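Construct the complete structure from the given sequences, taking the supplied hints into account.
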Amino acid sequence: MKGELFVVGLSHRTAPLAIRERLAVSGEKLAEDLSALSKTSTMDEALLISTCNRVEVYASASDIAAASREVRNYLNGKIAPDAIDGHLYERVGTDAVKHAFRVASSLDSMILGEPQILGQVKTAYATAHAAGTLGTLLSRCFHRAFAVAKRVRTETGVAAGTVSVSSIACELAKKIFGDLHGRRVLLLGAGKMSETAARHLRKQGAQLYIVNRSPERAEELARVYGGIAKRMEDLAHELTLADVAITSTSSPDFVITRELMQSVQKARRHRLMLLVDIAVPRDVDPRVGTISNVILYDIDDLEKVSGENLAERLREASVAEQIVEGEVREFEEWRRSLVLTPTIVALRETFQQVVRDELARTTSRLSLREEDKRALERMGEAIVTKLLHQPLQELKRGAEDSDGAEMIAAVRKLFDLETSTSAQAVSNAEAAPAAASPQKKPT
Amino acid sequence: MIVSALFLVTASLYAIACVLYFIYTLRGEESLGSRAPAALFLAILSHVAFLVGDYAVAGHIPTTNIQQTLAVASLLIAIGYLVAMRKHKLAALGAFITPLTLLFLLGAGFGSNIAQVPAGVRSIILPLHVGVNILGIVAFALAFAVSIAYLLQERLLLTKRLGGVFQRLPPLHELDSLGFRLVTIGFPLLTIGIVSGAFFAARIDEAGSTFSMSHLTAYLAWIFFAAVLVLRIAAGWRGRRAAIGTMLGFFCAILVLVGYALRGMSGAA
Numbered sequence: 001m002k003g004e005l006f007v008v009g010l011s012h013r014t015a016p017l018a019i020r021e022r023l024a025v026s027g028e029k030l031a032e033d034l035s036a037l038s039k040t041s042t043m044d045e046a047l048l049i050s051t052c053n054r055v056e057v058y059a060s061a062s063d064i065a066a067a068s069r070e071v072r073n074y075l076n077g078k079i080a081p082d083a084i085d086g087h088l089y090e091r092v093g094t095d096a097v098k099h100a101f102r103v104a105s106s107l108d109s110m111i112l113g114e115p116q117i118l119g120q121v122k123t124a125y126a127t128a129h130a131a132g133t134l135g136t137l138l139s140r141c142f143h144r145a146f147a148v149a150k151r152v153r154t155e156t157g158v159a160a161g162t163v164s165v166s167s168i169a170c171e172l173a174k175k176i177f178g179d180l181h182g183r184r185v186l187l188l189g190a191g192k193m194s195e196t197a198a199r200h201l202r203k204q205g206a207q208l209y210i211v212n213r214s215p216e217r218a219e220e221l222a223r224v225y226g227g228i229a230k231r232m233e234d235l236a237h238e239l240t241l242a243d244v245a246i247t248s249t250s251s252p253d254f255v256i257t258r259e260l261m262q263s264v265q266k267a268r269r270h271r272l273m274l275l276v277d278i279a280v281p282r283d284v285d286p287r288v289g290t291i292s293n294v295i296l297y298d299i300d301d302l303e304k305v306s307g308e309n310l311a312e313r314l315r316e317a318s319v320a321e322q323i324v325e326g327e328v329r330e331f332e333e334w335r336r337s338l339v340l341t342p343t344i345v346a347l348r349e350t351f352q353q354v355v356r357d358e359l360a361r362t363t364s365r366l367s368l369r370e371e372d373k374r375a376l377e378r379m380g381e382a383i384v385t386k387l388l389h390q391p392l393q394e395l396k397r398g399a400e401d402s403d404g405a406e407m408i409a410a411v412r413k414l415f416d417l418e419t420s421t422s423a424q425a426v427s428n429a430e431a432a433p434a435a436a437s438p439q440k441k442p443t
Numbered sequence: 001m002i003v004s005a006l007f008l009v010t011a012s013l014y015a016i017a018c019v020l021y022f023i024y025t026l027r028g029e030e031s032l033g034s035r036a037p038a039a040l041f042l043a044i045l046s047h048v049a050f051l052v053g054d055y056a057v058a059g060h061i062p063t064t065n066i067q068q069t070l071a072v073a074s075l076l077i078a079i080g081y082l083v084a085m086r087k088h089k090l091a092a093l094g095a096f097i098t099p100l101t102l103l104f105l106l107g108a109g110f111g112s113n114i115a116q117v118p119a120g121v122r123s124i125i126l127p128l129h130v131g132v133n134i135l136g137i138v139a140f141a142l143a144f145a146v147s148i149a150y151l152l153q154e155r156l157l158l159t160k161r162l163g164g165v166f167q168r169l170p171p172l173h174e175l176d177s178l179g180f181r182l183v184t185i186g187f188p189l190l191t192i193g194i195v196s197g198a199f200f201a202a203r204i205d206e207a208g209s210t211f212s213m214s215h216l217t218a219y220l221a222w223i224f225f226a227a228v229l230v231l232r233i234a235a236g237w238r239g240r241r242a243a244i245g246t247m248l249g250f251f252c253a254i255l256v257l258v259g260y261a262l263r264g265m266s267g268a269a
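Chains as they are written, first to last, in this note's numbering: chain A, 1 to 443; chain B, 1 to 269.
Below, in silico cross-link-like pairs of lysine-lysine (DSS-like), each with a Cα-Cα straight-line distance of 30 Å or less:
| id | chain 1 | residue 1 | chain 2 | residue 2 |
| --- | --- | --- | --- | --- |
| 1 | B | 160 | A | 304 |
| 2 | A | 266 | B | 160 |
| 3 | B | 160 | A | 175 |
| 4 | B | 160 | B | 89 |
| 5 | A | 413 | A | 396 |
| 6 | A | 304 | B | 89 |
None of these hints come from the bench; they were simulated from the model.
Bear in mind that the values here come from a model prediction, so they are computed numbers and not experimental data.
As structure tokens, this is what we get:
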């Protein structure tokens with residue numbers, strides 16, 4: 001277990017969209033790239049995260065410099081040699097673990113607290129798991145990352161702030177119409193965003209109407225949230241009746257054009273209408289916003305609005321950062337204990353082996369009764385225990401702070417413990433990573 | 001003496017309420033502005049005392065000249081607002097209403113006990129004429145304040161500035177329907193006011209007076225308010241257009257009052 005964790009990658013903080021979109025990989029390509037990467041001899045483990053905001057390779061290796069070069073070559077290879085070196089960052093050891101925790105908890109996201117990133121990290125984990133490129137360190141690291149993300153979401157208001165765009169849309173509707181009770185809300189497109197919007201609006205007592213390209217999905221959403229599914233052909237009619245419309249289709253073109261909305265607004269007799277376009281690319285022609293008594297908000301507007309309570313969320317984020325710090329410390333303890341346990345086992349085994357060998361040699365020359373032989377064996381064990389008591393105490397104490405690793409390395413070297421016993425212990429730990437809770441100090 | 005002191009106290013209290021309402025609208029609940037309704041209530045009490053004093057001095061119901069009419073209308077606007085506020089969440093509207101009450105009151109103090117209605121015009125229809133006109137102008141004044149709030153709120157929404165002021169103003173849709181309701185109330189009153197006014201105008205004409213600007217602006221106001229109502233029903237003119245129509249109508253109605261006040265003064269001169 002000499003390997004160390006590291007991460008090399010780029011994100012919205014370091015690289016422009018033009019570069020990020022050329023590096024992004026998904027689906028089968030992700031698995032292919034991953035196995036190509038892990039075939040290089042330098043890496044023990046590897047995991048590749050690719051979203052529209054970041055591309056990162058997490059790996060463990062003994063020779064980090066070599067492995068890091070390998071990863072850089074892979075990333076540069078997508079554009080040109082050395083093309084993106086200036087955009088790459090690298091974190092090693094504890095910093096890499098912390099980075100993984102922050103990414104999964106959405107503390108490193110463009111929109112602080114946005115919920116999608118966790119799903120994307122989970123996909124990356126599943127892909128790496130299927131490709132067999134995960135070992136003890138990475139699987140433990142990401143298991144903890146998921147737990148950290150959950151804590152951050154439930155224990156802080158970071159996620160509550162964004163609860164996203166859809167709840168801001170709901171708030172906006174309330175500030176325009178007052179009571180939403182009995183208001184008619186049209187959901188155009190039945191994606192993930194619509195679902196959160198549907199939940200919020202339903203809670204406010206709005207009537208939901210759902211129009212979607214695939215009628216089955218519309219029916220499903222209507223069933224779950226108590227709405228009514230309508231056909232795509234009825235769009236103009238439904239727009240005429242609705243007070244609020246939220247669009248989130250994946251259509252590349254405008255679904256609600258200026259001409260459509262002009263005729264709709266005429267039929268509505270210019271009743272006030274709120275249009276919220278949370279699709280990228282947009283579903284509603286921006287010129288629709290100039291039609292009288294139509295209030296149009298797109299995703300940028302909503303994000304701008306949500307930015308107005310940014311201070312509140314930044315405060316929550318600092319609470320989240322503390323959670324991350326605590327979890328990183330626990331991970332490091334576990335990481336050290338991972339080396340400590342086999343070291344203790346091996347140390348004790350080495351000492352006892354010496355006693356056993358010497359006893360065997362001595363007792364074979366003497367004719368002793370069984371009783372006396374056992375007494376001598378007990379004495380030998382007691383000597384080992386007493387001799388090792390102080391060093392083991394020191395080792396265990398050392399495991400709780402960062403000097404521990406050096407001390408463990410020194411002990412292993414002094415007593416030449418780099419043998420099969422430690423490898424055995426590590427593979428045991430690997431078999432049941434969940435069982436090795438970081439809180440439990442190994443004995 | 002006491003009466004003019006009361007007038008000054010009332011005007012000062014309205015001014016204080018006005019400033020506090022502005023602070024509330026800009027700063028929110030936590031600020032000094034939360035005292036605004038209390039200041040307005042005190043202003044109303046002082047206002048009532050002022051009117052009672054005025055009545056005691058004049059010896060008749062103080063609605064026989066334009067100044068007194070304004071003073072009563074000012075009081076009713078303030079009371080109407082305080083009552084409406086209890087039902088709806090309209091605290092931020094105070095910033096638009098208190099300036100109106102203050103202006104009406106100052107208009108009333110603008111030379112007192114002049115422009116008595118010509119003796120020949122006095123009849124039982126006069127209290128009706130004055131009464132409906134006061135109530136009408138109160139409804140329109142409130143509608144005017146609501147319309148300003150509507151336009152401001154719409155502006156904030158369209159420019160995507162959803163900060164504190166936006167949060168404190170009532171929802172856009174409520175402002176629109178409230179404005180509409182107030183115009184619906186004011187319009188029949190204005191109609192009766194104009195018809196009864198035409199009746200007096202005929203009598204004054206006999207007495208030698210001529211058709212004045214006031215009549216023209218009264219008809220203009222009537223046309224604006226009629227347009228707000230009819231176009232809303234017939235052509236769906238709501239929101240911004242209705243708000244602008246309401247403001248224009250109120251502006252004309254104010255011109256009528258100003259016209260009367262000026263004529264009263266020149267008559268007194």
